[in-house]
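> Residue-level listing of the chains:
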Amino acid sequence: MQKRLLFNSKLLNITISRLCQHIIENHGDFSDTVLLGMQPRGIHLAERIKNELERQLNKSISLGYLDTTFHRDDFRRRDTPKTPNQTKIPFLIENQKVILIDDVLYTGRTVRAALDAMTMFGRPAKVELLVLIDRLYSRHIPVEANYIGRKVNTMPSQHVLVELAEQGKKDNIWLINDPE
Amino acid sequence: MSQLKTKHLLGIKNLDADEIELIFETAANFKDVLNRPIKKVPSLRDVTVANVFFENSTRTRLSFELAEKRLSADVINFSSSSSSVKKGETLLDTVNNILAMKVDMIVMRHSSPGAPHFLSRHIKANIINAGDGTHEHPTQALLDSFSILQKTGSVAGKKVVIVGDILHSRVALSNIFALQKLGAEVMVCGPATLLPKYVASLGVKVELDIRKALEWCDIANVLRIQLERQKMRYFPSLREYSIYYGINKSLIDSLNKEIVIMHPGPINRGVELTSDVADSENAIILDQVENGVAIRMAVLYLLAGNMN
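Note that the protein sequences, when read in sequence, are chains C and H.
Read left to right, the first sequence gives residues 1 to 180 (our numbering).
Read left to right, the second sequence gives residues 1 to 308 (our numbering).
Calculated from the structure, these hints are not laboratory results.
Every residue, glycine too, gets a C-beta built ideally from N, C-alpha and C.
Hints may be right or wrong, so weigh each one.
Below, simulated DSS-like cross-link-like pairs (lysine-lysine); rule was C-alpha separation at most 25 Å, straight line [unchecked claim]:
{"#": "1", "chain 1": "H", "residue 1": "31", "chain 2": "C", "residue 2": "126"}
{"#": "2", "chain 1": "C", "residue 1": "126", "chain 2": "H", "residue 2": "5"}
{"#": "3", "chain 1": "C", "residue 1": "170", "chain 2": "H", "residue 2": "5"}
{"#": "4", "chain 1": "C", "residue 1": "88", "chain 2": "H", "residue 2": "5"}
{"#": "5", "chain 1": "H", "residue 1": "257", "chain 2": "C", "residue 2": "88"}
{"#": "6", "chain 1": "H", "residue 1": "257", "chain 2": "C", "residue 2": "97"}
{"#": "7", "chain 1": "H", "residue 1": "257", "chain 2": "C", "residue 2": "82"}
{"#": "8", "chain 1": "H", "residue 1": "40", "chain 2": "C", "residue 2": "88"}
{"#": "9", "chain 1": "H", "residue 1": "5", "chain 2": "C", "residue 2": "3"}
{"#": "10", "chain 1": "H", "residue 1": "151", "chain 2": "H", "residue 2": "5"}
{"#": "11", "chain 1": "H", "residue 1": "31", "chain 2": "C", "residue 2": "82"}
Computed, partial: chain H to chain C, Cβ under 10 Å [said to hold, decoys possible]:
{"#": "12", "residue": "26"}
{"#": "13", "residue": "36"}
{"#": "14", "residue": "39"}
{"#": "15", "residue": "91"}
{"#": "16", "residue": "93"}
{"#": "17", "residue": "96"}
{"#": "18", "residue": "98"}
{"#": "19", "residue": "281"}
{"#": "20", "residue": "285"}
{"#": "21", "residue": "289"}
Quick look at which bits of chain C chain H covers, simulated, 3 or more residues with Cβ under 8 Å [unchecked claim]:
{"#": "22", "region": "64-71"}
{"#": "23", "region": "79-85"}
Extracted from the complex, chain C is given alone in its bound form:
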C-alpha cells in the first residue's frame, strides 16, 4: 500500500493558523458569524479552528455540530447505511454567517446534504465552506470551498486518511492508494 504524507502536526498547525487569519480578514470581530463542524470528522478540525480563533480574537466563538446522515442522497443506494451522529446547534443560525467546516472535500455530496440539513434550523445570511483538503477535479456537483488548507490532485482509486490527536493518534494526514 503506497501512501504519501499530506500534513504532519507542525504543518497542520501552520495551516490552521493561516486559515483562521483568512477567516478573520473576511469576518472581522465575529459578531454575526458562527462555525458548524460536520460530523463525524469535521468536528475535531472545527474545534481546533474555534480554539485558534478564540486565541487570536480573545473572545468566545459559537461552534455547533451538524450531522448530515438523514439528508444524504445515497441512503438505500449504498451497501450499509451510514451511522448517524449527534447534531448540536445551541444557537440560532437565522441571519447569521455560517462557516461549514469539514476535513476533506471530494464529490461535494456531503456538503449538499449539509446545506439541506442546515436549512432545518433556519435561513443563514451567508454560508461559506472551509476544508482542510480539496480533492481537485472530483466533484459530482458544483460545490467549491471558500477556505482551503491544501489542494491535492487525486485519483478515484485513492483516499485521504485523516488521523488526529483527538482520535488518540498522532496528527497525520495521508493520501493512500487503494489496493486494486
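Start from chain C and add chain H according to the hints.
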C-alpha cells in the same frame, strides 16, 4: 454494527441485543430531530408505506403515521372496518392488492398471532408487526425499554415488574424478550387467572401479591385490563381487580422508595392506576408516547436501509 440483520420486524424474539441497541442509538438521534423547529428529514422520500390495521388502534397507528411522515415517506392507511375484508377477501389477497400499487413497506396489526410471519414468507415488501393478536408488539417493547434507558440511564441490571393481564398481552411477551436481552430482571404480577400457565418457563419471576412485586422492582410497567378480551370472566369485577391489583398513591408512598411507573395506554383510570399515580412525577407514560415516534422512525429508517 450499522444495520439490522433482517428486513422485517416481526417480533423481539428474533432480534439480537446488538440490533436493539442500534435501534436505540438511531432513535436517540431521531428524538433530537423531533425536538427541532422543523421536525422532518427527507430520508424516506422515495418510500411508500401502507399502515394496514385489521384491528382497532389509535395511538399505535397515529404514532406510525407520524413517524412515516417525519421521515418524508408517502403514507396510505387501511382499516379492515371499511374494506373488502368484510366481503371475504383473504389476508394475502388484500395485501397483494395493496402491494400492486407499488408499496414498499407494510405496517400491520392483525388479531391472529403469526399473521405478519405468514405474510413475510409470501411477499417481498418489508413488514413491521404493529401487534399480532396476543403474540408480539415489538415496537411497544422497544419504546418501553428505550424509555427506561432514557429515564434511568441503563436497562441492564434493572428489576422490572409487568403488572396485570399477562395472558392476553402482546406487550408483555415482547417486553419480556426485550428486557431479558438487554440484561434486566423481569417479574410478572397479576391474578393467577391472567397469568399464562407456563410463563415461568420464559425465565421470569411470578408474583401474585402486588405489594411484594412493587417492593422488589425498580420499574413497574402496568398493563391495561383489556375489557374487550374478557369474554370469560377472569376476575369477579373491575372493583375487585382494582382493590387487589390497582396501584394507588398510598401503596406507592408505603414502599419507602421511588419506582418508575409505565403504562402502554390507554389507561383505565381508577382500575389499574389511580389518577394521582398516573399523573405523578414518577410516571413516564407520556414520555413513552413521545419515544414511540422516535423508535418507530428508527425502525422504519433501518429497515428501509435493508430494502435493496
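> Each hint needs a verdict: does it hold in this structure or not?
Hint check results:
{"no.": "1", "hint": "H:31 x C:126", "result": "violated, 28 Å"}
{"no.": "2", "hint": "C:126 x H:5", "result": "violated, 43 Å"}
{"no.": "3", "hint": "C:170 x H:5", "result": "violated, 36 Å"}
{"no.": "4", "hint": "C:88 x H:5", "result": "violated, 30 Å"}
{"no.": "5", "hint": "H:257 x C:88", "result": "violated, 36 Å"}
{"no.": "6", "hint": "H:257 x C:97", "result": "violated, 52 Å"}
{"no.": "7", "hint": "H:257 x C:82", "result": "violated, 43 Å"}
{"no.": "8", "hint": "H:40 x C:88", "result": "holds, 16 Å"}
{"no.": "9", "hint": "H:5 x C:3", "result": "violated, 35 Å"}
{"no.": "10", "hint": "H:151 x H:5", "result": "violated, 28 Å"}
{"no.": "11", "hint": "H:31 x C:82", "result": "holds, 18 Å"}
{"no.": "12", "hint": "26", "result": "holds, 6 Å"}
{"no.": "13", "hint": "36", "result": "holds, 6 Å"}
{"no.": "14", "hint": "39", "result": "holds, 9 Å"}
{"no.": "15", "hint": "91", "result": "violated, 28 Å"}
{"no.": "16", "hint": "93", "result": "violated, 29 Å"}
{"no.": "17", "hint": "96", "result": "violated, 23 Å"}
{"no.": "18", "hint": "98", "result": "violated, 21 Å"}
{"no.": "19", "hint": "281", "result": "violated, 27 Å"}
{"no.": "20", "hint": "285", "result": "violated, 27 Å"}
{"no.": "21", "hint": "289", "result": "violated, 22 Å"}
{"no.": "22", "hint": "64-71", "result": "holds (count 4)"}
{"no.": "23", "hint": "79-85", "result": "holds (count 6)"}
Hints 1, 2, 3, 4, 5, 6, 7, 9, 10, 15, 16, 17, 18, 19, 20 and 21 from the list above are not met by this structure, while the remaining hints are.
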